[in-house]
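Enquirer: Residue-level listing of the chains:
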Amino acid sequence: MTDTERYDFDVVVIGAGGAGLRAAIEAREKGARTALVCKSLLGKAHTVMAEGGIAAALGSVWPEDSWEVHFRDTMRGGKMLNNWRMAQIHALESPDRVLELEEWGALFDRTPDGRILQRDFGGHRYARLAHVGDRTGLEMIRALQHRAVSIGIDVFMECKIVRLLQDGTGAVNGAVGFWRESGRFLTFGAKAVVLATGGIGKAWKFTTNSWECTGDGMALALWAGADLIDMEAVQFHPTGMVWPPSARGLLVTEGVRGDGGVLKNRDGERFMFNYISPFFAAETAETIEEGDHWYTNKKDFRRPPELLPRDEVARAINSEVKAGRGSPHGGVFLDIASRRTPEEIRRLLPSMYHQFKELADIDITTTPMEVGPTCHYAMGGIRVEADSEATTVAGLYAAGETAGGMHGSNRLGGNSLSDLVVFGRRAGLAAAERALEIPGAPQVSEAQVVDVTRHATSYFDNEGAEDAYAVHRELQETMQALVGIIRIESELLEAKEKLAVLAERASKCAVEGNLQFNPGWHLALDLESMLAVSNCTTLSAIERRESRGGHTRDDYPGFRPEFENVNMITRLVDGEYVVAQEPKPQMPDELAKLFEEGAH
Amino acid sequence: MAIDTGPAPSTAPEPPSDAPPKDLVMHLWRGDASGGRFQEYHVAPQEGEVVLDVVHRIQATQAPDLAVRWNCKAGKCGSCSAEINGRPALMCMTRMSTLPTDQPVTVSPMRAFPIMRDLVTDVSYNFEVAKLIPAFKPGPKDPDGLHRMAQVDIDRGQEFHKCIECFLCQNVCHVIRDHEENKPRYAGPRFFVRLAELEMHPLDTLDRRDYIHEDMGIGYCNITKCCTEVCPEDIHITDNAIIPLKERIVDSRYDPVAWLGRKITGRPTPLRASEARKHTGAAHAQPPAAATPEPGDSA
Amino acid sequence: MSVIEDVPSPAPRPQPIPVRIGAPRAGPSRAVVLRKDPWWAQPLVTGLGLLAFVVYATWAAFRNGHYFVGLDQARNYLSPFYSPCLASNCPSAVRWGPITPAGSGFSPALIILIFPLAFRLTCYYYRKTYYRAFWLSPPACAVADAGSTSTKPNAFRKRYTGETRFPLVLQNIHRYTWYFTCIFAVLLTYDAIEAFRFPGGIGMGVGTLILVANSVLIWAYQLGCHACRHLSGGNLKKFSKAPARRWIWTNLTTPLNKHHQLFAWLSLMTIVVSDLYIYLVSSGAFSDPRIF
Numbered sequence: 049m050t051d052t053e054r055y056d057f058d059v060v061v062i063g064a065g066g067a068g069l070r071a072a073i074e075a076r077e078k079g080a081r082t083a084l085v086c087k088s089l090l091g092k093a094h095t096v097m098a099e100g101g102i103a104a105a106l107g108s109v110w111p112e113d114s115w116e117v118h119f120r121d122t123m124r125g126g127k128m129l130n131n132w133r134m135a136q137i138h139a140l141e142s143p144d145r146v147l148e149l150e151e152w153g154a155l156f157d158r159t160p161d162g163r164i165l166q167r168d169f170g171g172h173r174y175a176r177l178a179h180v181g182d183r184t185g186l187e188m189i190r191a192l193q194h195r196a197v198s199i200g201i202d203v204f205m206e207c208k209i210v211r212l213l214q215d216g217t218g219a220v221n222g223a224v225g226f227w228r229e230s231g232r233f234l235t236f237g238a239k240a241v242v243l244a245t246g247g248i249g250k251a252w253k254f255t256t257n258s259w260e261c262t263g264d265g266m267a268l269a270l271w272a273g274a275d276l277i278d279m280e281a282v283q284f285h286p287t288g289m290v291w292p293p294s295a296r297g298l299l300v301t302e303g304v305r306g307d308g309g310v311l312k313n314r315d316g317e318r319f320m321f322n323y324i325s326p327f328f329a330a331e332t333a334e335t336i337e338e339g340d341h342w343y344t345n346k347k348d349f350r351r352p353p354e355l356l357p358r359d360e361v362a363r364a365i366n367s368e369v370k371a372g373r374g375s376p377h378g379g380v381f382l383d384i385a386s387r388r389t390p391e392e393i394r395r396l397l398p399s400m401y402h403q404f405k406e407l408a409d410i411d412i413t414t415t416p417m418e419v420g421p422t423c424h425y426a427m428g429g430i431r432v433e434a435d436s437e438a439t440t441v442a443g444l445y446a447a448g449e450t451a452g453g454m455h456g457s458n459r460l461g462g463n464s465l466s467d468l469v470v471f472g473r474r475a476g477l478a479a480a481e482r483a484l485e486i487p488g489a490p491q492v493s494e495a496q497v498v499d500v501t502r503h504a505t506s507y508f509d510n511e512g513a514e515d516a517y518a519v520h521r522e523l524q525e526t527m528q529a530l531v532g533i534i535r536i537e538s539e540l541l542e543a544k545e546k547l548a549v550l551a552e553r554a555s556k557c558a559v560e561g562n563l564q565f566n567p568g569w570h571l572a573l574d575l576e577s578m579l580a581v582s583n584c585t586t587l588s589a590i591e592r593r594e595s596r597g598g599h600t601r602d603d604y605p606g607f608r609p610e611f612e613n614v615n616m617i618t619r620l621v622d623g624e625y626v627v628a629q630e631p632k633p634q635m636p637d638e639l640a641k642l643f644e645e646g647a648h
Numbered sequence: 017m018a019i020d021t022g023p024a025p026s027t028a029p030e031p032p033s034d035a036p037p038k039d040l041v042m043h044l045w046r047g048d049a050s051g052g053r054f055q056e057y058h059v060a061p062q063e064g065e066v067v068l069d070v071v072h073r074i075q076a077t078q079a080p081d082l083a084v085r086w087n088c089k090a091g092k093c094g095s096c097s098a099e100i101n102g103r104p105a106l107m108c109m110t111r112m113s114t115l116p117t118d119q120p121v122t123v124s125p126m127r128a129f130p131i132m133r134d135l136v137t138d139v140s141y142n143f144e145v146a147k148l149i150p151a152f153k154p155g156p157k158d159p160d161g162l163h164r165m166a167q168v169d170i171d172r173g174q175e176f177h178k179c180i181e182c183f184l185c186q187n188v189c190h191v192i193r194d195h196e197e198n199k200p201r202y203a204g205p206r207f208f209v210r211l212a213e214l215e216m217h218p219l220d221t222l223d224r225r226d227y228i229h230e231d232m233g234i235g236y237c238n239i240t241k242c243c244t245e246v247c248p249e250d251i252h253i254t255d256n257a258i259i260p261l262k263e264r265i266v267d268s269r270y271d272p273v274a275w276l277g278r279k280i281t282g283r284p285t286p287l288r289a290s291e292a293r294k295h296t297g298a299a300h301a302q303p304p305a306a307a308t309p310e311p312g313d314s315a
Numbered sequence: 004m005s006v007i008e009d010v011p012s013p014a015p016r017p018q019p020i021p022v023r024i025g026a027p028r029a030g031p032s033r034a035v036v037l038r039k040d041p042w043w044a045q046p047l048v049t050g051l052g053l054l055a056f057v058v059y060a061t062w063a064a065f066r067n068g069h070y071f072v073g074l075d076q077a078r079n080y081l082s083p084f085y086s087p088c089l090a091s092n093c094p095s096a097v098r099w100g101p102i103t104p105a106g107s108g109f110s111p112a113l114i115i116l117i118f119p120l121a122f123r124l125t126c127y128y129y130r131k132t133y134y135r136a137f138w139l140s141p142p143a144c145a146v147a148d149a150g151s152t153s154t155k156p157n158a159f160r161k162r163y164t165g166e167t168r169f170p171l172v173l174q175n176i177h178r179y180t181w182y183f184t185c186i187f188a189v190l191l192t193y194d195a196i197e198a199f200r201f202p203g204g205i206g207m208g209v210g211t212l213i214l215v216a217n218s219v220l221i222w223a224y225q226l227g228c229h230a231c232r233h234l235s236g237g238n239l240k241k242f243s244k245a246p247a248r249r250w251i252w253t254n255l256t257t258p259l260n261k262h263h264q265l266f267a268w269l270s271l272m273t274i275v276v277s278d279l280y281i282y283l284v285s286s287g288a289f290s291d292p293r294i295f
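Residue numbers (my numbering), protein chains in the order written: chain L, 49 to 648; chain Y, 17 to 315; chain A, 4 to 295.
Warning: the hint list may mix true and false statements.
[To be verified] No farther apart than 27 Å at their CA atoms in a straight line, the calculated lysine-lysine pairs in the BS3-like style are these:
#, chain 1, residue 1, chain 2, residue 2
1, Y, 38, A, 39
2, Y, 178, A, 261
3, Y, 157, A, 244
4, L, 78, Y, 153
5, L, 405, A, 39
6, Y, 178, A, 131
7, A, 261, Y, 279
8, A, 240, Y, 157
9, Y, 147, L, 405
10, Y, 294, Y, 153
11, A, 240, Y, 147
12, A, 240, Y, 279
13, A, 241, Y, 153
14, A, 240, Y, 294
15, Y, 178, A, 240
16, L, 253, L, 544
17, A, 261, L, 405
18, Y, 157, L, 78
19, Y, 157, A, 241
20, A, 240, Y, 153
21, A, 244, Y, 153
22, L, 78, Y, 147
23, L, 546, L, 370
24, Y, 178, A, 244
25, L, 632, L, 544
26, Y, 294, L, 78
27, Y, 279, A, 244
28, Y, 178, A, 241
29, A, 241, Y, 294
Note that these hints are calculated values from the structure, not bench results.
Can you build the whole structure from these sequences, using the hints too?
Expert: Written out as structure tokens, the structure reads:
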């Protein structure tokens, strides 16, 4: 059973979405022998589903834009909980990363003078999102994928990592996983490991996330002793499909609103004007006329409230539906048909047009879409050092959605794709530098490998009727109902208890069949990650007794000063997940000044 | 091929119209390299479902080890390719309501590729071809560090960039589906789309025409257009990618007037295929690791 | 930029794509057609359509008579099968002859038809049609090539080389056939204009309309040709640097190319209709109604 294949590399990158690919490219270009390990085929990672664009202060549409404005938008969107240094690096470096994608073959839409066209998105003061229609993620992942392939990175596809390996000092020196096809185990020896496994959306029932988003990287880091940060901050995207049932939760890009789409309730009212919070009142239009003028004149007019950050819009939709003013299938209407011509809609939003046509039989050029909030993104994640993406465990790095801190308590649309390439590159660079300093081949402990493979295959020895699909369904229902968009202490405590029961049940899952491409087995292992991370999310959510960004507490509405300056840290201590408040890093005065100059 | 008929077909008369709708009858391919057959499953229909929903329901309730590849379930990743009632299609974008329900719906894996298990096939051929595509090689940037491109110059490429690599075109292409011995010398429609995208990229400076002819085997394509018919992204693979490439190769190899024109005007001759070979991923493969002892060589 | 920029010596010859051949394939045997729709209908209908044309064209080409309606019948119509008019028995008002000796019995159509025949035989659309309908390679999508499912290794048509070898490598001459048939398209346009010539001035009969329709559809087919689309601008890397060719490519050749199949069939039909109409009028089956 422990007959495993063995591979040695300088750097092993786990996850082949935008961050993983970018990290691997950087490590390889710096001269490190690099492996890229992914759970699906190469190029299928959840990044392909990103639609709207990649945020970077290129200033090609609005020359007034700069990294300072982008930094400020990001921090305010995250309700100031962001790691200021990450937000700064992100705003500074994202333009270079976007141009670099172009150097590798990406074709972004153009301005008339041939530069990169940028589009409006919620929370961004200027049109800032470089995009390709509404399939920007696909463009980005292809550019990175082609680059990675052309420089000869070794890719291990359809390979799930079960545990990291550590040496006597606790430093990560490898990983154990298995080929999903054959069930055969493989051991990586590595001098540095980069985690880039994305989010945890599959723990919720209505989600934009694909099956891969099971929090593997966060769980691997936890089990290796690393810290997670601000796990309570989960973004519910305001506009997911609500009908038909099988498509419920599928993403409807924010680009629809950026390109002029408006939200209406059952009575045809643009209800967002009733939900402008004081925090954003100074920069938001008060009347429909003012909002409509903003699309063409950003200097003299303020943006319409449909383009408030996602947490605000999601809460507003939630309230409208609760008040009985929703659409027939329990959402609200997103109307672009009355705002743009059919030709424009098909050109600007081709995949939305296609998605509604194919899945719901609705023509969005003539009919409003029905939309509602859907679980979209984990702002929280592995705690990393801002400059190097090093986790609190030596030899372990993390980038992308799986890392936390960059987005604070709420992420702005378009900032995730730039996050991936900015911090993917930095993680790859730091990992390669570490690896190249360590002489010799990595030494992994055979005993650890045996433990992991024994544990992973133990599901085949389980007897009884417990089945992974049922446990997963209950986990999703629990998280959706009790740790959803609006939270309350009693329900969170109930969730905590239910998760303990589910963890117990999950460990008893009996798997049918054999090791060969066995989805039931894969799900049982994914459940370990999902349960671990769901636990941390619930613990953090209980601890943060205020409402901030993606974390909304019915029993503690609004910001509270005692939580203004703390991060929620979760970690594994003696087999128990525990949460602790730790002070957040304070930004230097010259950056703090950016927030004192009024709304602009 | 054995069809497991499952429970005996009912001879009862049609149920009255207010009865719940009839169960869907699904024939899913089950098997591995040692053989396989269609297995029959019955599931209750639900509103607005796609084939992948039904397959998932079968997996969650009746066949937990049913192997099926999928990721996004939104037609964006191209993982759930299969043959539905014999037609290559994405399971997540095929609505059950578009299929005749008076007879069983068959779902089989892509038949051009080796079987892994059930609906999952070994598509590694495609990733091997990908390593042989000479990479994008942009020209110099403008003095301000930007590349300028007109939208009209990238419209063609953007059509090709829609490709989600579902490999349905590779699956349906008879050059390799029906004549497997051609696989080692034929790149397939997906990669002609990729090569066309590079050849039409306004910034690219590499000439891959000879390479496409010699290494990628475009001459095997007899433009019977099945790739275009099955493309879920509606890319006009044959008309916009393959035929323009064939015409470019006529320019470089089969057109004496073009040859003469190059001789006279001194325009560059087509780059030799061996030069293009320098720019592939395969040419940049990492050196193997220094020999390491087997871990403990133990138990 | 880094350690991985250039590669010293590339392989001198094409390297085979490293792929496993002969492994058990997924799903039922390819010999089993799983399609439930009438997949055979399209190759059958198009195959019969092409066959019908071949039969008619053979008869028309060897007919060597009744291919014009001359001034003796107060008309000036020439069949597209016999244009340009090369024979000594051409109506004197029309054209280029005589080249063939009078009374030799050799049909000028046999020379003329070589060019349009070569053009249509190498046309990308017709190739698709006859490879599917006659070669059965493949008969329809996801239906196995004829011969390919044989279990005998050396069975007839077991192997497939596409358009890599003689004679099919000759399909690459398509653009030359296009150059030549451009001349014919001009001639047919000239014929259509000539068809307005009536004794004593300009007039129009039903035959005029047919010949005009024929020449218009021939041009639609001619300009929508894939080789033409390539030469008109498809071979450019930057459209923005060649606005005129971009205009032609965007507004003329590409839109026509989208409907190449339609024009391929319509022009094929109007050729037949023109010839048949002229034959019938010329042979006295009925007389051509004059419109003005």
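Enquirer: Each of the hints needs a verdict: does it hold here or not?
Expert: Structure-based check of all given hints:
Straight-line distance between C-alpha atoms of residue 38/Y and residue 39/A comes to about 21 Å, which keeps the hinted pair within the 27 Å bound. Pair hint residue 178/Y plus residue 261/A holds up; C-alpha atoms about 19 Å apart against a cutoff of 27 Å. A distance of roughly 17 Å separates the Cα atoms of residue 157/Y and residue 244/A; the hinted pair therefore holds under the 27 Å criterion. About 20 Å separates the Cα atoms of residue 78/L and residue 153/Y, which keeps this hinted pair within 27 Å; it holds.
For the proposed pair residue 405/L and residue 39/A, the alpha carbon gap of about 24 Å is at most 27 Å, so the pair holds. Between the alpha carbons of residue 178/Y and residue 131/A the distance comes to roughly 25 Å, so the proposed pair stays at or under 27 Å and holds. For the hint pairing residue 261/A with residue 279/Y, the CA-to-CA distance comes to about 35 Å; that exceeds 27 Å, so the pair is violated. Of the pairs offered as hints, the one joining residue 240/A and residue 157/Y holds, with about 17 Å between alpha carbons and a cut-off of 27 Å not exceeded.
Of the supplied pair hints, the one linking residue 147/Y and residue 405/L is violated, its CA atoms being roughly 35 Å apart against a limit of 27 Å. The straight-line distance between the Cα atoms of residue 294/Y and residue 153/Y is roughly 12 Å, inside the 27 Å bound, and the hint therefore holds. Taking the CA atoms of residue 240/A and residue 147/Y, the gap is near 24 Å; set against the 27 Å cutoff, the hint holds. A threshold of 27 Å between alpha carbons decides the hint, and for residue 240/A with residue 279/Y the separation of about 21 Å falls inside it, so the pair holds.
Restraint check for residue 241/A and residue 153/Y: satisfied, since their Cα atoms lie roughly 16 Å apart, inside the 27 Å limit. For the hint pairing residue 240/A with residue 294/Y, the CA-to-CA distance comes to about 22 Å; that is within 27 Å, so the pair holds. Between residue 178/Y and residue 240/A the CA atoms are separated by roughly 19 Å; this keeps the pair inside 27 Å, and the hint holds. For the proposed pair residue 253/L and residue 544/L, the alpha carbon gap of about 17 Å is at most 27 Å, so the pair holds.
Note on residue 261/A and residue 405/L: the hinted pairing holds, with a Cα-Cα distance of about 23 Å set against a maximum of 27 Å. Between residue 157/Y and residue 78/L the CA atoms are separated by roughly 23 Å; this keeps the pair inside 27 Å, and the hint holds. With a C-alpha separation of about 16 Å, the suggested pairing of residue 157/Y with residue 241/A holds against the 27 Å cut-off. The straight-line distance between the Cα atoms of residue 240/A and residue 153/Y is roughly 14 Å, inside the 27 Å bound, and the hint therefore holds.
Distance restraint check for residue 244/A and residue 153/Y: the Cα-Cα separation of roughly 20 Å lies within the 27 Å cut-off, and the hinted pair is therefore satisfied. The suggested pairing of residue 78/L with residue 147/Y holds, with an alpha-carbon distance near 21 Å, which does not exceed 27 Å. Restraint check: the Cα-Cα separation between residue 546/L and residue 370/L comes to about 26 Å, which is no more than 27 Å; the hinted pair holds. The suggested pairing of residue 178/Y with residue 244/A holds, with an alpha-carbon distance near 25 Å, which does not exceed 27 Å.
Simply put, residue 632/L and residue 544/L have alpha-carbon atoms about 26 Å apart, close enough for the 27 Å limit, and the pair holds. Restraint check for residue 294/Y and residue 78/L: the C-alpha separation of about 20 Å stays at or below 27 Å, so the hint holds. Of the supplied pair hints, the one linking residue 279/Y and residue 244/A holds, its CA atoms being roughly 23 Å apart against a limit of 27 Å. Of the supplied pair hints, the one linking residue 178/Y and residue 241/A holds, its CA atoms being roughly 20 Å apart against a limit of 27 Å.
Of the supplied pair hints, the one linking residue 241/A and residue 294/Y holds, its CA atoms being roughly 25 Å apart against a limit of 27 Å.
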